[in-house]
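A.B. asks: Quick mapping for you: the protein sequence lines, in order, are chains A and B.
Start counting at 1 in the first sequence, then tack on 356, and there's your number in the numbering used here.
Start counting at 1 in the second sequence, then tack on 360, and there's your number in the numbering used here.
Treat each hint with caution, since some may be false.
[To be verified] In the DSS-like style, the derived pairs of lysine-lysine whose C-alpha atoms are separated by at most 25 Å in a straight line are:
| hint | chain 1 | residue 1 | chain 2 | residue 2 |
| --- | --- | --- | --- | --- |
| 1 | A | Lys384 | B | Lys453 |
| 2 | A | Lys504 | A | Lys486 |
| 3 | A | Lys437 | B | Lys466 |
| 4 | A | Lys437 | A | Lys522 |
| 5 | A | Lys542 | A | Lys437 |
| 6 | B | Lys450 | A | Lys522 |
| 7 | B | Lys450 | A | Lys384 |
| 8 | A | Lys491 | B | Lys466 |
| 9 | B | Lys453 | A | Lys522 |
| 10 | A | Lys491 | A | Lys504 |
| 11 | A | Lys522 | A | Lys504 |
| 12 | B | Lys462 | B | Lys450 |
| 13 | B | Lys466 | A | Lys400 |
| 14 | A | Lys400 | A | Lys384 |
| 15 | A | Lys437 | B | Lys462 |
| 16 | A | Lys542 | B | Lys453 |
| 17 | A | Lys542 | A | Lys522 |
[Stated by the list, open to error] Covered by chain B, according to a simulated footprint, are these stretches of chain A (three or more residues, beta-carbon under 8 Å):
| hint | segment |
| --- | --- |
| 18 | 448-458 |
| 19 | 542-551 |
[Unchecked claim] Every beta carbon over 12 Å from chain A, so not counted as near; a handful from chain B, in silico:
| hint | residue |
| --- | --- |
| 20 | Phe377 |
| 21 | Phe386 |
| 22 | Ile393 |
| 23 | Ile394 |
| 24 | Val395 |
| 25 | Ile396 |
| 26 | Pro406 |
| 27 | Leu415 |
| 28 | Trp436 |
| 29 | Val455 |
| 30 | Ile458 |
| 31 | Ile460 |
Don't read these hints as lab results, they were simulated from the structure.
The structure presented is a predicted model; accordingly, all values stated were derived computationally and were not measured.
Ideal Cβ positions, reconstructed from N, Cα and C, are used throughout, including at glycine.
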Amino acid sequence: MIDDTWIIIPAYNEEGSIGQVLEDFRGKPFSVLVVDDCSRDNTKSVALSYPITLVTHIINLGQGAALQTGFEYVTQYTDAKYVVTFDSDGQHDVNDIRNLIEPLMNCGFDVSLGSRFLDTNRLIDIPVAKWIVLKLGILFTRLTTGLKVTDTHNGLRGFSIEALRKINISHDRMAHASEILMQVSKHNIRWVEVPVAIRYTEYSKKKGQSVFNVFDILWDLFFGRD
Amino acid sequence: MNLFQIIILILILIIFFTVTRSKVLFLERVFTIIVILGGVVFLLYPNLTTRIANLVGIGRGADLIFYVFIIYGVFWFSVLSTRFRYVDRKLTKIVRAIAISKPVHKNQNKEETENMEVK
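If we strip away everything but chain A, and leave its shape as in the complex, we get:
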């Protein structure tokens, strides 16, 4: 059933956008978990004015850690059958969630990866530098995991609860995207890509991952291996 779906929204200092994001979830049959990564602004109080569940990190750990916290909460303390990760900065569209769950419910897939490049009509105002960085990331991922993924750094992903139990993010900061894909590859989890819309608003462009973070991600992956 679609209402056995939990949405995990990691948030760090997103008081400006999380209100609208949670507003869009009103009336939807999903349960929402917000993971507050020790925000210093009013993210927490804004989030608590909506019907959600909130867990808080007492120290800022990073988006990867926030997602893993969400994974552990949902797998251990809820009856969720499906989980979708969703960004708190307004880049994602709530209407894409059904498209992510559908292949998990009906087509036997365990992971559905949102991709902004599958349906180029939905590529709204992507900055050129970002496009280049993303394409390089895609090439790197193909080389390291063998997965032919078209959008490696898309925070909109769907998981069956069984798949989620196998996935464990140990990289706290931004290398988690590559880590998720590596684990999907390692455990031979059946995955599929789903076209989703990514909105590049002025707000999210300012906050978006800078080009320099690619270097950080590579460093993490090479020197942070276990």
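Based on the hints, put chain B in the right spot on chain A.
C.D. replies: Using the frame of chain A, we list chain B on its own:
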């Protein structure tokens, strides 16, 4: 021996006793002791470095010590990086456990409930 050598010798002995009393890995201790003893020996007998250097095909004793020190530095960099990573992991585990133990639930009626039972 001149004053400089005496001061360095004392410093080395201090480091030696501090390190051997702290909780570090066996390998780290062994490496450190070798380097410190080596440092003491070469301080007292500088010409020894030149002889050993020539044995291994390096021109000057000072160069030999330099190379050994580079290796020592890289060793420590690796050890400390690993240490930091493990501490980070442990910290994350604690912060996560605290987060999960105190969920706040806001239902449709804006009521706040805490500490849902484990399913």
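A.B. asks: Run every hint past the structure and note whether it holds.
C.D. replies: Structure-based check of all given hints:
no.	hint	in the structure
1	A:Lys384 - B:Lys453	32 Å, violated
2	A:Lys504 - A:Lys486	20 Å, holds
3	A:Lys437 - B:Lys466	21 Å, holds
4	A:Lys437 - A:Lys522	14 Å, holds
5	A:Lys542 - A:Lys437	22 Å, holds
6	B:Lys450 - A:Lys522	20 Å, holds
7	B:Lys450 - A:Lys384	37 Å, violated
8	A:Lys491 - B:Lys466	40 Å, violated
9	B:Lys453 - A:Lys522	18 Å, holds
10	A:Lys491 - A:Lys504	12 Å, holds
11	A:Lys522 - A:Lys504	21 Å, holds
12	B:Lys462 - B:Lys450	19 Å, holds
13	B:Lys466 - A:Lys400	12 Å, holds
14	A:Lys400 - A:Lys384	21 Å, holds
15	A:Lys437 - B:Lys462	22 Å, holds
16	A:Lys542 - B:Lys453	24 Å, holds
17	A:Lys542 - A:Lys522	10 Å, holds
18	448-458	violated (count 0)
19	542-551	violated (count 0)
20	Phe377	33 Å, holds
21	Phe386	22 Å, holds
22	Ile393	28 Å, holds
23	Ile394	26 Å, holds
24	Val395	24 Å, holds
25	Ile396	28 Å, holds
26	Pro406	38 Å, holds
27	Leu415	35 Å, holds
28	Trp436	15 Å, holds
29	Val455	5 Å, violated
30	Ile458	6 Å, violated
31	Ile460	5 Å, violated
Violated hints for the displayed structure, listed by number in ascending order: 1, 7, 8, 18, 19, 29, 30 and 31.
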